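Construct the entire structure; sequences and hints are all you get.
Chains as they are written, first to last, in our numbering: chain A, 19 to 239; chain B, 195 to 476; chain C, 4 to 630.
These are computed hints drawn from the structure, not numbers from a lab.
Mixed in with the good hints, there may be bad ones.
[As the list claims (entries may be wrong)] So the derived list for chain B, only partly shown, Cβ under 8 Å to chain C, looks like this:
no.: 1; residue: Trp219
no.: 2; residue: Phe221
no.: 3; residue: Thr239
no.: 4; residue: Ala257
no.: 5; residue: Ile258
no.: 6; residue: Arg270
no.: 7; residue: Arg307
no.: 8; residue: Phe400
no.: 9; residue: Lys401
no.: 10; residue: Val405
[To be verified] Computed footprint of chain A on chain C; a stretch qualifies when at least three of its residues, placed anywhere within it, have a C-beta under 8 Å from a C-beta of chain A:
no.: 11; stretch: 221 to 230
no.: 12; stretch: 255 to 263
no.: 13; stretch: 296 to 303
Note that the coordinates shown come from a computational prediction; the quantities given were computed from them, not determined experimentally.
We put the CB at the ideal spot given by N, CA and C, even for glycine.
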Amino acid sequence: MVTSTKSVTKKGTGSGAKFPGPNGKKPGGNGWHGDDGSRRKFSPARYRITMWVVLAAVIMMFAALSSVYIMSVHGEQRVAMPHMFFASTGIILFSSWTLSRAKRSLQLEQSRRYVNWLLVTLALGLAFLSSQLIGWKELKDAGVYFVGQPHSSFFYFFTAVHGVHLLGGIFLLVFLLIKSSMNILKPETEKRNAWAAVVALYWHAMGAIWVWLFLLLLVLK
Amino acid sequence: MGRVLAVIIWVLTFLSVLLFVSKKWWFPAAISEHAPALDRQFTITILVVGISFSAAQIGLGWAIWKFRDTGNPSDRAVYSHGSNRLEMIWTVITAVIFIALAVMGQSVWANLRLNDAPAGSYQVEVVAQQFQWNFHYPGNDNVFGRTDPKLIDDGALNFIGIDETDPNAKDDSVTAALAIPVNRPVELRLRSKDVIHNFWVPQLRFKQDLVPGMEIKVHFTANKVGKYELACAELCGQLHFKMKSYMLVLPEDEIQSLKALPQEQFQTRMTELLAKYSLPTY
Amino acid sequence: MSETHEGVHRHPAPTGFIRKYIFSLDHKVIGIQYIILALAAVLVGMIMSLLMRLQLSWPGTNWPILETFFPTGAPGGLMTPEFYLSLVTMHGTIMVFFVLTTAPQGGFGNYFLPIQIGAEDMAFPVLNMMSFWVTFVGFIVILFAIVVEGNQSIGQWFAALGPSFVGGSGTVGPIGGWTGYAPLSALGKVAGPGQGAGMNFWVISIAIFCVGSLLGALNFITTLLNMRTKGMSLMRMPLTCWAWFTTAVLALLSFPVLLGGGILLLLDRVAGTSFFIPGGLYVSGLLSGSNPNFPLHTGGSPILWQHLFWFFGHPEVYIAILPGMGATSHILATFARKPVFGYRAMVFAIFAIGLLGFFVWGHHMFISGMSPYSAVAFSILTLSIGVPSAVKTFNWLGTLWGSRIRFTTAMLFALGFVSLFVAGGISGLILGQSSLDLAMHDTYIVTGHFHLVMGVASIFGMFAALYFWFPKMFGRFLGEGLGKFHFWITFIGVYCIFMPMHIMGIAGMPRRYSQFTEYEFLKGLHPLVVFVSVAAIITIATQFVFYFNVIWSVFKGKKAGDNPWEATTLEWNTATPPPHDNFAGILPTVYRGPYEFAVPGAPRDFIMQAEADSEVPGGNGHNGHKH
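Written as structure tokens, this is what we have:
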């Protein structure tokens, strides 16, 4: 049995020596993204793919939690939707619009406007989180606590989990702002556009998830 | 090397099949109406399984036996990337066999689980708790007395919290073993006080979880008088392995006389019956 | 090389020991780290199974050595039931999460996916490093769960985290099985031994593991979609890459569900919520809400935990075995010296298994109290998953047919995989039927079934992969002589361990019993139980030969060339072991499909993926699989 291995080894060594094979002959032409000799240029697609993949995971988690909520609502004790959550919904939808303005400014290469719209979006994001906390207070005053039947726990749990994800979005916005302030003298780079695009994607998705959770809590209570 | 492996695969296949065919260890004899159909479905399935298993292993062994590297560089393998026709054939054949098995397998399930218990079924409430079974009989009025977890009092042996003030509870009995009539549908109402347990009598070919917070109704018909072991088949904690009780399948007249007895005499009579019947031999 | 754009050397080769071997960004080092983690974890899990077998076959026997190591778990050398059950729990958790999920995907996938698609590293090296270290922390926490549960004084350290963190139950570890069914796992110490602080850490460990796996999955998917080298079209990828990709997709979509469920379970335990706990419970003499040790719970549903768990848990089975299938296909073709039979069918089968895997979780729950109508649907879907599994088996046999097999140790394990996959998988036809599950549920036939197919077959896939790729990873062969000894004993051993378990299950032996002495109907099975234990002891002993072989071969093994197996894919195109950026600055170009063996007219019996047609005199330049 060992002898067969030996013969295999001997036969095999020839091919390794041939490395790098065809590539050695045409060193410039083997990149996947371009033939300019840099072989692996910056790929905006990588960022886009990754963000969609991240969102797939986030959506799966919210889908699972939503299913638990739907199965846990028994309908005996109704929980009134806090008024502040209506305001939250308006704020986050508006912030999606301001972020799309920011992206538009970036496409038009209006750096100043881009930064301004980002700042507005950031402010709206923080306003959203504050409105959620005020909403919690409303719930508490109405006698709906985190510890209790699952139905009332979910009002807090959904907002908390979503809030943590939105906080991630806020960090991404801050990251964009830092990046743009560092790049302020340079022309717009492909990389910056790619980052702006994926952050916008994430932010819109967080808005959409909030609307879903809001409707879920509003309709099934 | 290849031939040794081929032979070992064949021998292991043969011994595995022998283990199943010899039936030295097998199901305990069945005592429920649905069991023959279930056993028949099992036999059909195990035939399909056994034939597929043996065919695949024999084929694997044969390929290993036959196709070896000779060390001669000009003697090469067949150059082929496959055959769409073969792929189609074996996909369709396995799909037909497997789906047919799945569909056939539904009949026992449908009879037991997609129907309610027939009218006039003998009713028992089963309340499981960590490492103990409680069986609640409605008595002659055929109505279960009210129970409430707040009334549970282990010291007074009121394990399931029967409300003594409820008139329906007056003739109820609770015992630690199950007594059911032979040849008559039985409906069990399964509940649990603490964690998930599982009602299981191997001879019945029957299992069902008892889930806290739920009352699960199931039904079956036992058709052989005797005493059988009842086990818990869902991990419920430290002493899961001895959460044991007995199921007595009794002639109708014994059940009727048992049913009429008040709690204390009911207990005594159950003890006598448990001593009277013996377990099947295995 | 111009470095103005992101070139190959995005991170230069590190020089310090810590950056090179500990906090490395190199996917190859991270892969080896994962494999070492799995080898450590499997040792722990294996010792636990040995202890369980001792208890099952010789209950009541005094093992003084046990008392030395586990004074609370085996007082007087007698194993307590709670010790046994905590072994069950930890064996399952460690094996499923830290062995079967780490080695196939995080280990071999990390090392070889970038090389096989012609990339210089993973798409996000930092994320990759974090993925490993998060998983590592998860492993430490699961070991810690044992310590905390077994030692009440250590529990005091975490008093600040809340009352449920104070004190374990004094048993050896948490009790709940790897499935941790609520409400047993949700109630806390009131539910008995093994439900103390250790259970919190068990849940936390799994949540941490989920995060680590998600980071890994993210990286795998992006890398595969975005970083394939020129000419590496999807249908020219080795089947290993397809398997790792599908596994990553499964992990991506299933781990978030477990993470969500785990957080809810933890909240039930530490915050007093009632997601999985219904009202009116009466546990250990206490009514819910009547005592500070047992707060008021209301309105939750225990079955929801099972839905969440198995929605993850079933895909997890495929996460464990798909990489093994990929490695087996790859290794079979290489040593059969023949192209994979039905490459396209294999790819479709992998995808079909992955997809169907999301719609069959209910077959774990036929008798759980869920709707009996959904059981019908789950049953039929479950049996249809057998179709792509059978297609894979047929294609493996087709690959061997007319081949010229070289019996290396890697090939033996790959052939063993096929045999065991059939042996273990086929009893799924029994267990997938709701009717038969009335008799089979939670008996040893289930134990035998999943150990053979997801445990042992997956491990055989990994053994095959290790013997196959070891020369590439370490520049030395993994000893073939000891390897073959390892194979023979293990192959026969696992049949002897797990085949009798099927019979025990048919005869009605329940899982998770710490002894079978209480029931008359189980007494006749005792000879089988002893037989299984003896087989297990021999098989486990043999694994130490394997451990020795690995350590010895890393330092003293026979030196290997760049392509010792005469294989075709890109990892054999680079140096052994591969340089820091895998291809020494020049990415290869791919000209053909991955398994061009025995091409008529070619000078050798294999043509590598990176060999241009002009380099293959007489080769007919097959560009893929147009057959």
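The hints, checked one at a time:
1. Taken as an interface hint, tryptophan 219 (chain B) checks out: its beta carbon lies about 5 Å from the nearest beta carbon of chain C, inside 8 Å.
2. Against a cut-off of 8 Å between C-beta atoms, the interface hint on phenylalanine 221 (chain B) holds, since the closest Cβ of chain C lies about 6 Å away.
3. Given the 8 Å rule on beta carbons, the hint for threonine 239 (chain B) holds: about 5 Å separates it from the nearest Cβ of chain C.
4. The criterion of a C-beta within 8 Å of any C-beta in chain C is met by alanine 257 (chain B), whose closest approach is roughly 4 Å, and the hint holds.
5. Taking 8 Å as the C-beta contact cut-off toward chain C, the hint placing isoleucine 258 (chain B) at the interface holds, the least distance being around 6 Å.
6. Taking 8 Å as the C-beta cut-off, the interface hint given for arginine 270 (chain B) holds, the closest approach to chain C being about 4 Å.
7. The interface hint given for arginine 307 (chain B) is met, as the beta carbon of that residue sits about 4 Å from the closest beta carbon of chain C, less than 8 Å.
8. At a threshold of 8 Å, the smallest CB-CB gap from phenylalanine 400 (chain B) to chain C is about 6 Å, leaving the interface hint in force.
9. With 8 Å as the threshold, the beta carbon of lysine 401 (chain B) comes within range of chain C, its nearest partner Cβ sitting at about 5 Å, so the hint holds.
10. With 8 Å as the threshold, the beta carbon of valine 405 (chain B) comes within range of chain C, its nearest partner Cβ sitting at about 5 Å, so the hint holds.
11. With a cut-off of 8 Å between beta carbons, the stretch 221 to 230 of chain C has 6 residues touching chain A; three or more are needed, and the interface restraint holds.
12. Counting residues of the stretch 255 to 263 of chain C whose CB lies closer than 8 Å to any CB of chain A gives 8, so the stated coverage by that chain holds, three being the minimum.
13. Taking a C-beta to C-beta cut-off of 8 Å, the stretch 296 to 303 of chain C contributes 4 residues in contact with chain A, enough for the three needed, and the coverage statement holds.
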